Amino acid sequence: MADMHTSTQDNVTRYLSLDALRGFAVMGILAMNIIAFAMPEWAYITPLAYGGDGVADQTSWLFSFIFIDGKMRGLFSLLFGASMLLVIERAEAAGRSGMRTHYARMFWLLIFGLIHFYFIWFGDILVTYALIALLAVQFRQWEPERLIKWALIVYALGFVMWALQFGGLQFLQWAATQPGADADLARQFREVVNSPELQFNVTQELTVHRGGYTEIVADKLTDWTQPFTAALQALTETLPLMMLGMALFKNGFLTGSWAAADYRRWALRLAVTGLALNALVGLGWRCRDLTKLPRWPDSWPGHCSRVCWSRLAMSQACCC
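Read in the working numbering, the sequence shown has 250 at position 100, and its numbers run on one by one without any break.
Some hints could be false.
With a Cα cut of at most 25 Å, we get these calculated DMTMM-like pairs of lysine to aspartate or glutamate [claimed, not checked]:
id : residue 1 : residue 2
1  : K400      : E295
2  : K400      : E191
3  : K370      : E355
4  : K400      : D412
5  : K299      : D412
6  : K400      : E242
7  : K370      : E191
8  : K299      : E239
9  : K400      : D274
10 : K400      : D207
11 : K370      : D274
Label pairs and their calculated CB-CB ranges [as the list claims (entries may be wrong)]:
id : residue 1 : residue 2 : range
12 : G273      : L425      : 18 to 28 Å
13 : D334      : G201      : 37 to 47 Å
14 : L302      : V422      : 18 to 28 Å
15 : S407      : T372      : 47 to 57 Å
16 : A325      : L430      : 41 to 51 Å
17 : R419      : A306      : 12 to 22 Å
18 : L385      : E355      : 20 to 30 Å
19 : L425      : V343      : 28 to 38 Å
20 : S247      : F321      : 48 to 58 Å
21 : G245      : T375      : 31 to 41 Å
Calculated directly from the structure, the hints in this document are not laboratory data.
Only a predicted model underlies this, so the values are computations on that prediction, with no experimental measurement involved.
Quick reminder that beta carbons are idealized off the backbone N, C-alpha and C, glycines included.
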């Protein structure tokens, strides 16, 4: 593959492949975040949440689901893991403590993330990255093979955990709606279905965000633990992706050191299955009555597409 390195005036090596991938991922994330900038959070799950019942709206949602949603975040998480090693290496080469540099960066990332969440936008991801990176860096000295193996194990465990949770909800729904179902079971099901977290109701969210800025901030402060619980929920997804990023940085995959034929071969392998599975999940999701289903992370497209979009994120890394 062509030389993907360049040097700055300070004689610091930059990897053009990392820079290009990072820009690609950020623009893709922006394409998804625009939805929540303008519409209720439910619009991520279905365009029907904000009146998007036309063919163009449905097609746009399906395109985003297949090619963008989750894939760019996954790609950025890979790059975050790679960049974490790069920052530590450069700090140590300059005679500074690599770990102290990393912890200082994550501290300020956490502070900026909390400010972002409480005072600007609810969809912050910086807190998640800052907290999980404190754990991911502990594996920085592992060999690529070990990083990849344990990343896949953690990822699979997370998938099973969420699948069991969703399967439990599905079983509860089936058992509680059978003729002659136990009264206690039916009551539990009604409580779950009627809980605020599972309601397809955007009225309250619209009311808050159409009010004043102080009302919006006050609403976030009432749920001040959300950035931390979001990081916990994302642990088995983001941590293994960061570990994969570290592995792919170490073995030269993300720095453009592999042969072009190898990138094409992996892109083809991952993209074909990833696109096919994502398309099936997306089309199946469009055929459901979306107003009666719980939102992410308890919605089945989130679970079913989890492995699919990770494969697409990797294939995008190959192509770029």
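(Q) Check the hint pairing K370 with E355 against an upper bound of 25 Å on the C-alpha distance. (A) holds, 11 Å
Q) Taking 37 to 47 Å as the hint, is the beta-carbon distance of D334 and G201 inside that range? A) holds, 39 Å
Q: Please test the hint of 31 to 41 Å on the beta carbon pair from G245 and T375.
A: Distance hint for G245, T375 holds at roughly 40 Å.
(Q) Does D207 sit within 25 Å of K400, going by the straight-line distance between their CA atoms? (A) With a Cα-Cα distance of about 42 Å, the restraint between K400 and D207 is violated, given a limit of 25 Å.
(Q) Hinted pair, alpha-carbon criterion (25 Å max): K299, E239. Please report holds or violated. (A) Cα-Cα ~23 Å, so holds.
(Q) Next pair to validate is K370 with D274; report whether the Cα-Cα distance is within 25 Å. (A) holds, 12 Å
Q | Beta-carbon spacing of A325 to L430 - inside the hinted bounds 41 to 51 Å or not | A | violated, 28 Å
Q.
The hint says 47 to 57 Å between S407 and T372; measuring C-beta to C-beta, is that right?
A. holds, 50 Å
Q: Assess, step by step, whether the Cα of K400 is no farther than 25 Å from the Cα of E242, and give holds or violated.
A: holds, 16 Å
Q. Taking 25 Å as the top limit, are the C-alpha atoms of K299 and D412 close enough?
A. Holds - the C-alpha atoms of D412 and K299 are around 20 Å apart, at most 25 Å.
Q. Within 25 Å, alpha carbon to alpha carbon, are K400 and D412?
A. Holds, at roughly 16 Å.
Q: Just tell me: holds or violated, for the beta carbon distance of L385 and E355 against 20 to 30 Å?
A: With Cβ atoms ~26 Å apart, the hint holds.
Checked against the numbered hints listed earlier, the structure breaks hints 2, 9, 10, 16; every other hint is satisfied.
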